[in-house]
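Each chain, letter by letter, is given below.
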Amino acid sequence: MNWRALFARQEFIILVILIALCSIIAIINPTAFLSVQNLFRILRACIVLGIFALGTLIVLISGGIDVSFPAVAITALYISTRIIVDTGIDSVPLAFLLGSLIGLALGLVNGVFIGIFRLPTLIVTLGTLNLFRGALLFFVGSERIRLSEVTTNFAEASRLNLVTVQLARGEASLHFTFALLLVLALVVWFILSRTMLGRAIYAIGGDREAAERAGFNIVRTQFFIYGFVGLLAGIGGIVYGILSREADPFSIVGAELDVIAAVVLGGALITGGRGTVIGTLLGVLLITVISNNLVLLGIPTEWQRLVIGILIIIGVGIPALQALRRRSTRLTHSSG
Amino acid sequence: MTTVQPHPTPTDSSAPRPRLDSLIPRDSSILRLLVITVVIFIAFTLARPDTFPTMNNLEAMARQMSEIGILAIAVALTMLSGGIDLSINATANLTAITAATVLTAMTAAPDTAPGTITLAIVLAIAAGVGVGFLCGLANGFLVAYAKIPPILATLGTMTLFTGIGTVLTKGAAVFGQARLSELGNGGIGPLPIPLFIFLVAAVIISFILSRTKYGFDLYMMGTNPHASRFSGINNRSVLLRTYILSGILSAVAGIIILGRIDAARIDFGESYVLLAIMICVLGGIDPSGGFGRMTGVVLAVVALQLLSTGLNQVLFEDSGANFFRQFAWGVTLLLVLMLNYFSQRQRLKRASTEK
Chain E
1 MNWRALFARQ
11 EFIILVILIA
21 LCSIIAIINP
31 TAFLSVQNLF
41 RILRACIVLG
51 IFALGTLIVL
61 ISGGIDVSFP
71 AVAITALYIS
81 TRIIVDTGID
91 SVPLAFLLGS
101 LIGLALGLVN
111 GVFIGIFRLP
121 TLIVTLGTLN
131 LFRGALLFFV
141 GSERIRLSEV
151 TTNFAEASRL
161 NLVTVQLARG
171 EASLHFTFAL
181 LLVLALVVWF
191 ILSRTMLGRA
201 IYAIGGDREA
211 AERAGFNIVR
221 TQFFIYGFVG
231 LLAGIGGIVY
241 GILSREADPF
251 SIVGAELDVI
261 AAVVLGGALI
271 TGGRGTVIGT
281 LLGVLLITVI
291 SNNLVLLGIP
301 TEWQRLVIGI
311 LIIIGVGIPA
321 LQALRRRSTR
331 LTHSSG
Chain R
1 MTTVQPHPTP
11 TDSSAPRPRL
21 DSLIPRDSSI
31 LRLLVITVVI
41 FIAFTLARPD
51 TFPTMNNLEA
61 MARQMSEIGI
71 LAIAVALTML
81 SGGIDLSINA
91 TANLTAITAA
101 TVLTAMTAAP
111 DTAPGTITLA
121 IVLAIAAGVG
131 VGFLCGLANG
141 FLVAYAKIPP
151 ILATLGTMTL
161 FTGIGTVLTK
171 GAAVFGQARL
181 SELGNGGIGP
191 LPIPLFIFLV
201 AAVIISFILS
211 RTKYGFDLYM
221 MGTNPHASRF
231 SGINNRSVLL
241 RTYILSGILS
251 AVAGIIILGR
261 IDAARIDFGE
271 SYVLLAIMIC
281 VLGGIDPSGG
291 FGRMTGVVLA
301 VVALQLLSTG
311 LNQVLFEDSG
321 ANFFRQFAWG
331 VTLLLVLMLN
341 YFSQRQRLKR
351 ASTEK
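Chains E and R, in that order, are what the protein sequence lines are.
With the numbering used here, the residue at position 101 of the first sequence is 101, and numbering never jumps.
With the numbering used here, the residue at position 274 of the second sequence is 274, and numbering never jumps.
Here chain R stands alone, though its shape is the one from the complex (with noise of 0.2 Å):
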């Protein structure tokens, strides 16, 4: 009986309780983010007081963070499920690229008739997602039916998806025909538009886990998958339900991406991909599964764009901030994974001395 409901002490943070409702030692991990991004905010304020904390530098920091904020939530959900999705960038690209063609055949001409562009603007958007879709589809299909790991079924879908890329555009950009700017770059009020599709994202998919029969199984089957199974939850169908998903956050941030620059090429940051699931590590998602919380990933996003915005301002004169940031990154992400190392061993050795 007492594995069932083991220590119900309040003050025991290290107690495995159930586990939806265990928010004590997440929290912790949360708060440690927390503190982190403000501490590194106050640093840089104090540093460049007169650029760091300005309206100007908080809106562009806004919007640089949404596409990769957006790409990191996908990246989450499939790390929750035990997986990992490698060709979240990949997808992107090519709903940038596809969503551009349609753009560029319906509305390529001057004097297109504004009915045209709204059509051509619902239906590229429309034709996006779809690619998004389709793309979660084959992922999800790989790992969930053909049962291959996921690292290596996105790995050969992230080729595959660049090579249809690379073949449709001869790897040139293609245009939007600045049809979707005010989408990147636009604002409601003074909250830029990205940032508001991020935001948004964020909060369904927070409420889809929480809330949602999905969202606990799909917690359930990240924990341990062969627990779910004899629980009667449908590991397939919550595998490609968490690849479609997937593919359509990322074909998301696609369209914010080709609304932003405006133009979709298959190649276009490639450096995404690690950054993404950089993100969710330091936000606390577990890359084995079943664990992590959408507010992590928020705040991890927040952080690292901080760190990057301030270094640049810091190294203002130096060339080399990309480098120096690139650096920075590294050392952030195993500082954090030290910190969860030595806090977890912690736990363990307080829960083991209480025993």
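The following block holds chain E by itself, in its conformation from the complex (with noise of 0.2 Å):
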């Protein structure tokens, strides 16, 4: 076991920090902090982060950024609530799979500006996630609809639970969906580690050039990586729907660069070619503490962001400043 890698790894400076900070919350609050209650809020919380941020590790990777994918979330949870509702089909499993089929067209529709038209990625989801709100807003609809006035069965999914735990007061559950991040987690990792894809996928993002060479075929690699990120998102926004109990239009959007920043935080490189799993479910749940407990420690709400911007900071120079490193003691290797 090599330590000094492990140590420099940005997973495990993440975890460290994690760490370290959940310490702290514990020690000065430890009663608020430290409850089941707690512990399954801050759960709860990553689910949606959690399975954005999935999608966009694979984008990452593959040396691109999909700033498109709430508009793909809301749109697909919008457009589904309202077939379920005008059919009267009120069915829990139909609501995934009507999220899935129109997370994954309109993540298609990216693929093919990107994968045959070679646009650039951030250009192109800028310009979808424009055209994909815009027409949702304009030709759908942009009202609120409540889940429990319409529906039953979707509605009540919000009620359906992983765990419940008696405690001496009251009761503590972990929402159902959780379980789907720890599935979808694990289809990720098994996509990225043990498939041809994945290997696809990490080589399009190192060397682009090299891939091509290498036999990996680009166009169809990332026609998978977008339609597979607007189905994850597609799931993300039911489950979005499901947890919030609504379905608004206008909610989700601007939830992109939180989702970018918690991927990066766990080690992504956005100029591709490197990240995990693990690495952005800790960044995940870095993100959320920080945005669910900083209160606890007697630090107004209002400082959330700034902390959250020192972290991000932090966390892309840490990287930065290794490879800074390693290449100045390349150089004076290689000329000594």
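Treat the hints as calculated values from the structure; they're not laboratory data.
Since this is a predicted model, take the numbers as computed values, not measurements.
Ideal Cβ positions, reconstructed from N, Cα and C, are used throughout, including at glycine.
Mixed in with the good hints there might be a few duds.
Cβ pair distances, simulated, as ranges [to be verified]:
#	chain 1	residue 1	chain 2	residue 2	range
1	R	185	E	297	24 to 34 Å
2	E	142	R	178	28 to 38 Å
3	E	142	R	43	40 to 50 Å
4	R	288	E	23	39 to 49 Å
5	R	199	E	148	38 to 48 Å
6	E	91	R	31	52 to 62 Å
7	E	196	R	288	23 to 33 Å
8	E	153	R	263	45 to 55 Å
9	E	297	R	345	48 to 58 Å
10	E	148	R	43	43 to 53 Å
11	E	140	R	57	27 to 37 Å
12	R	196	E	146	41 to 51 Å
13	E	295	R	147	32 to 42 Å
Among the chain R residues that face chain E by a calculated CB cut under 10 Å, a handful are [unchecked claim]:
#	residue
14	151
15	160
16	166
17	288
18	322
19	323
20	332
21	341
22	343
According to the in silico footprint, chain R covers these stretches of chain E (three or more CB under 8 Å from chain R) [claimed, not checked]:
#	stretch
23	92-100
24	114-121
25	124-135
26	263-277
27	294-304
28	319-325
Hints in hand, dock the two standalone chains.
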């Protein structure tokens, strides 16, 4: 086991920061922080952010960036809800199926522009972000739908729990969609580290030219990447709807930068070729703990952004500095 | 030798001439943009002859497009360097908050002496521009010296600046005591002052880009940073200056915003960042660096403003006009990208058949 390599890994640094932060909060405010309720609350807040982050991880590894996924998510949620309400088929699996399909379709739109026309990913997804959201609000609707007013099963899904723990005072429960996050994380981990497709994604992000010469089909891989990210966004949108018990077409959009921040904190390189599922989940956990529990330290909520900003700069600064140091040692070695 | 001076025939627009002289391919995209702009103007003039081509409407459009135009110039500079600046809007808001705080501190009393007011205005603007400078310096340092990818560095500083602004104001609005309203709402003759500032900024930056060593270095570095480094250009200093310039331009936009609405909030104009990037791409700035001109950016700003206002007027009865506008922005951006892609491919094809 190479300990130095382990310590230098971003995942390890984030884990240390996370443990340190949790210890400080636990010492200062043990009763509020160290409770099953709070643990479950943090995990619940991780679900949607985590699903989005898994998609963003794949895109970042391939050397691209996707800012359109919140628009995909809310479009998938809103249209699915509308279909469920209009047809009267009040079923949660149907919601997930519709959401996934809509997400997949919209993601493939990105795939066409990026894979076939080879346009820059940030600019394309910026365009489709506006396109999807504008189309949703103008052509489909801008009214918020409260699930409990028009559906039964779909609305009741917000009370389906994975585990419920009886406590001295009341009970604490963890929502079933947390299991969904874990399953999706496993799927993404499997694709990235155990399949040829995963190799292709890393290869494209590392060096597109080299990947092409090595025989990877770039266009097909990019279609998969953006289609799959769309699918994850669609699922994330449905989960968001279930957890918040409404389909509000103005929600979710704006979350893209927080998600990207979480993934980058978790060690994914924005220039591609590097990133892990474990790191991403840690990044999500860190961002969630900061946004939900900083107040337990007596730090007012308005400091959240500032802390997250400092963390991002530290988080992206460390690997950048490491790369600089590596380059300078390599230079001295080669010249000496 | 042929690689140094390739096919200098005047009809061959595809030949890779020395970069700064090669106006022809760039001008074709600017020409296209000009045509699009004129078509949009004529279309809405025909659709709404009584409200669209009026003096009042033109003036309103000129005011609205100035602040976003200046932000777009800021992004354009960083794009020319091969980077991007996501923190423009956070910088603009932080600037506006700083300026508004100075104005409130010095001139909140109703019987403030005129001399104090003038001093406060000067100080507020100076402090605001100073904040913009510092924000740009922070970005420049992270990009040029810490070598953090610009998109990440400025994502981080965007969050940081927003965080600082939130802590300073607790998320509430700070008011400018109407001291800068002349700047935001006044005019020099028929010319609104914000438009005047926007055009002056465009001309100055255009001059810097085409007539100074810094401008030349910026294009060189944006085209190929390795080549520019080995040809003796100090990439770090060029990058640092680019982000500082971007910060100062954002500050100018922030001061205009404060003047126009007389209030500063840290969450004002959240869509401006994406809009500014979109304008740059529409205006022919290459996001991977090295290509593009200010004329294109100005034209793109005008085109988008005409489109937005025109759609608003045509869809006047429809409450969803704003949403359709967002949809139209997205369609326009993707269409222009496709047009550029196909025209570029055709150029390449022609170039390869001529060989």
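Are there three or more residues in the stretch 263-277 of chain E whose C-beta lies within less than 8 Å of some C-beta in chain R? With 3 residues close enough to chain R, the hint holds.
Does residue 160/R pass the interface check with chain E, least Cβ-Cβ distance below 10 Å? holds (3 Å)
Quick one, is the residue 341/R hint okay against chain E at 10 Å, beta carbons? Because about 5 Å separates residue 341/R from the closest Cβ in chain E, which is inside the 10 Å limit, the hint holds.
Take the stretch 114-121 of chain E, compare each residue's beta carbon with every beta carbon of chain R, and decide whether three or more fall closer than 8 Å. Holds, because 4 residues of the stretch 114-121 of chain E bring their Cβ atoms closer than 8 Å to Cβ atoms of chain R.
How does the stretch 319-325 of chain E fare against chain R when you require at least three residues with a CB closer than 8 Å, holds or violated? That given contact holds, which follows from 4 residues of the stretch 319-325 of chain E lying within Cβ reach (below 8 Å) of chain R.
Once the shortest beta carbon distance from residue 151/R to chain E is found, is it less than 10 Å? holds (6 Å)
Do the numbers back the hint for residue 166/R, that is, is its least Cβ distance to chain E under 10 Å? holds (5 Å)
In terms of beta carbon proximity below 8 Å, does the stretch 92-100 of chain E have 3 or more residues touching chain R? violated (count 0)
Closest C-beta approach of residue 323/R to chain E relative to 10 Å, hint status: Holds: closest Cβ of chain E sits about 3 Å from residue 323/R, inside 10 Å.
Within 43 to 53 Å or not, the Cβ separation of residue 148/E and residue 43/R? holds (46 Å)
Please test the hint of 45 to 55 Å on the beta carbon pair from residue 153/E and residue 263/R. holds (46 Å)
Does 38 to 48 Å hold as the CB distance between residue 199/R and residue 148/E, or does it fail? violated (54 Å)
The structure shown violates the earlier hints numbered 1, 3, 5, 22 and 23.
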